[in-house]
Amino acid sequence: MRSLIDIKDLTTEEIDNLIKRAIDIINHKEQYAHVCDGKKIATLFYEPSTRTRLSFTSAMLELGGTVIGFSDASSSSVAKGESVADTCKTVSNFADIIAMRHPKDGSALSGSFATDIPLINAGDGVHCHPTQTLTDLLTIYREKGRLDNLTIGMCGDLKYGRTVHSLTMAMSRYKNIKLVLISPEELRMPSHVIHDIIKKHKMPYKEVTTLEGNLKDLDILYMTRIQRERFFDPKEYERLKDSYILTVDKLKEAKSDMCILHPLPRVNEIETAVDKDPRAAYFRQTLNGKYIRMALILQLLEWAKQKAKRDYYYDGTKARYDLVCKNPRCISSIEQGHKHIFVPTSKKGIWKCVYCEMEVDLRKKNQNKKRA
Amino acid sequence: MRSLIDIKDLTTEEIDNLIKRAIDIINHKEQYAHVCDGKKIATLFYEPSTRTRLSFTSAMLELGGTVIGFSDASSSSVAKGESVADTCKTVSNFADIIAMRHPKDGSALSGSFATDIPLINAGDGVHCHPTQTLTDLLTIYREKGRLDNLTIGMCGDLKYGRTVHSLTMAMSRYKNIKLVLISPEELRMPSHVIHDIIKKHKMPYKEVTTLEGNLKDLDILYMTRIQRERFFDPKEYERLKDSYILTVDKLKEAKSDMCILHPLPRVNEIETAVDKDPRAAYFRQTLNGKYIRMALILQLLEWAKQKAKRDYYYDGTKARYDLVCKNPRCISSIEQGHKHIFVPTSKKGIWKCVYCEMEVDLRKKNQNKKRA
Amino acid sequence: MRSLIDIKDLTTEEIDNLIKRAIDIINHKEQYAHVCDGKKIATLFYEPSTRTRLSFTSAMLELGGTVIGFSDASSSSVAKGESVADTCKTVSNFADIIAMRHPKDGSALSGSFATDIPLINAGDGVHCHPTQTLTDLLTIYREKGRLDNLTIGMCGDLKYGRTVHSLTMAMSRYKNIKLVLISPEELRMPSHVIHDIIKKHKMPYKEVTTLEGNLKDLDILYMTRIQRERFFDPKEYERLKDSYILTVDKLKEAKSDMCILHPLPRVNEIETAVDKDPRAAYFRQTLNGKYIRMALILQLLEWAKQKAKRDYYYDGTKARYDLVCKNPRCISSIEQGHKHIFVPTSKKGIWKCVYCEMEVDLRKKNQNKKRA
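Protein chains in written order, with this note's numbering: chain A, 1 to 372; chain B, 1 to 372; chain C, 1 to 372.
Just chain A, with the same shape it has in the complex:
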């Protein structure tokens, strides 16, 4: 059974096919209006996310299917201590496909192991949100006509921003992508992204600290929110915050065909006056999110019918089960009696949890080993 947990689960060809299919849906909506008649999606949202939930909901309805589910954990059996695995196993009796949002890293993978229907990760903690990345890719493709030969600015909280890490990884598959990383010192792109993705794929990049003076070469500007809480020093936040607010004025230096993206919701990091600028693509991006989810639901249901398989994340033969994940955000460290699974990485002696991808260095003594 194929699920979508991480954008890495998809080959570049598969991503390109999803984009093609989404565009076909956009051009021939009526032909898709009944392709999922009689099918149900379960939207299991353990934490609220209106935009993502309604995007999946409307996607399924526009394919002719129906929707069941819950929109926050308080109205679920979680309150009674049921595991994600048991909930997903149960729900597989009620639906044909699951879209799950959960506050813990690895929860989606854990759920997918338990069901025999496809599961789409609609956000698992700070770990992955692959349908956001697919949305971004479709939007870039529709706005610019290509996914290669682009200079992409990413602005805001690059340290904790799950979407920008994931987009960086996705863009590393395409040719001639240049990055301009715009953030305060405290919220710079993490070194593992710089080393394991950007440098590894030889993507030209520069790190800068202001929007001003750095927009003129950009084909894409990907804005994200900066949260006050991320700053050690509130004064530093006050001093800096305006530098990362996109205004009509700052946009004057940008190309006339630059495309502005934002995963939304925004608070104030893009002035509302910018909305009228034709370069503002963030509401079109939301619409694209619906179409790419339609394509994805169709693809996963087809794969389910074909009993398509793919080993994602780990090769079972090399996994070890004697280590314990200590990441407090990981589903395996939280659910009582959850199985722990670690796999080797490309770095000698470094293993990682298959759920949250937290690495452990086994060259250190007794690191993460179960007690005898």
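Just so you know, these hints were derived from the structure itself, not from any lab. Among the clues, some could well be false.
One copy or two, it doesn't matter: identical chains are merged, so the pair holds either way.
Straight-line distance between alpha carbons at most 30 Å, and here's what the computed DSBU-like set of lysine-lysine pairs gives [said to hold, decoys possible]:
{"id": "1", "residue 1": "K305", "residue 2": "K29"}
{"id": "2", "residue 1": "K318", "residue 2": "K370"}
{"id": "3", "residue 1": "K252", "residue 2": "K370"}
{"id": "4", "residue 1": "K369", "residue 2": "K241"}
{"id": "5", "residue 1": "K276", "residue 2": "K39"}
Note that the coordinates shown come from a computational prediction; the quantities given were computed from them, not determined experimentally.
Model the placement of chains B and C on the given structure of chain A, informed by the hints.
Same frame as chain A, now just chains B and C:
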């Protein structure tokens, strides 16, 4: 794009057509069972209201359409600080029409400005609830066979009761309507309703303080709830509350064809024994609410197709943007960066906020002016 | 109008017909895919229960119908003090059938009295949960091929476990049922179940305190959860809890075709390793829950069309209305102004509340009488 924010948005002819359409739906349900196939309504309920939400939901389902949405703010992006405008703009990518309930005055208008799909105000704070008024009108028409030549009693909290103000305004369009206003001294009909509606339209009225002795001339009795919290003096509440409870006994003096309405939910202001009286029309009223909403959804979708326009509330040419609304219940005073819009009233020097309709007297010095 | 409040509402023949219909649905799904086109179920869940709510939801969708409702009380009019009766009466204007979950005993009966559409009790406090019992019966029938000649073990909290009481009552209708009651001393099957059901129907039974040594004769093992809070002495809980956890190891002594049931959700009372054992039927049980609910919805809608009637619970002619129910869990003792109804039992001088079935002994002076 036409929306329904306030009952004033509709001409009397348009109201009459909605009533006619609702009656046609009642008589030919099967003919309407698929007229909205493939259409979606988004029910955006920022505060809970089972009755209104389920009424819109069942209305759309009985037209063949489907429903997306949320039933309280905690499971929406509001928690993340998204503006009503941004939420509505996003949702317009997922649905064909919006029904919105929000605790702040003017929120519905604010949302309607942001979307390119019709928006129905399902209650914005203490401001408007036009589908309740349409429900009341359809019920009166079905129960009495006419909307003119009626003596209407309104009982309970006439001061804060949004429904009775709105019904008064709606009835002022019809001929020969007499009003009997039944309330405690503290909760009398506000003077602006008396002056701007009742006296202006020369509607005969009297104000009384008890149900007893005042029912015999009524064709309609519109009951509302009295909340203890509205009283300055709890003893006064205790002394008065029974006067405003409708009982089988008090009903003896009423006409045999008087019609009893209540917007529901009731707590104890109508004795349950009254439910069996054929004059009790409040549950039929709920059913009428579904039918008028079906008519309204159809009408707004038709207007959207025809790209019908109507300038409601204000003529853009006369609006001014240099004033600030200070009403703490107004969406424009609450949402950061919200535009403020004021328009002139018929009274010289008096302007009002287009969102909450709070008036400001500009003859007073610096009233509501933005600081330079 | 026939509703389903208690499994006692159904004759054995009616139960058998529901099981037959469910099996027909399983074998001919496509023939049922549109039998409820245009019909709506209202799922009124005053307390969260994902499994039950989604089971009803998917059942109705697979019959071609649609679903309206709420998933917790906070998003309902309850917050405004509306009675269950008024809510059900209102909802009968929006839907064709109701499934209701409510924390108070007797709430479902109270609601059913108010509506003119069928109401299914989806759990009323600690009182009844008849669709769980129907689910159990269908599962036993499908797993074992019969409902008679069975030795059934029930394990866990037999004192407070609504499901085991109800299953005991249901099984008492069938021939040659033997019971093995497995529980700690503090959570033994209540004497009223022992006397009024087990002994009355001459069902052979034994009471034991451990799983070990008591599995070998069982055809069915019905597991339930033991909650720490049920124990007077926490040390006793710690000492005992492992005795009631079903493990792969303990299962070695059981028959190779024993069938393991659990109403779910489980916490840790069945080791997850047991899930792979073919005898583990609890996830199949969840699936059966959907099918029996499909059969039940169809049956109740047919009865509604035929205007079928059944006097359940009480014969109106013998009821008395002068007593007051003092059960703090009973809907009639909680809702202001609720009617109280008592009926005679088979025991002289003992009457019971029709809502919660709490008995009162009128031979004691002034017991439960209203004050003059």
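Provide an ascending list of the numbers of those earlier hints which the structure does not satisfy. Of the numbered hints, all hold.
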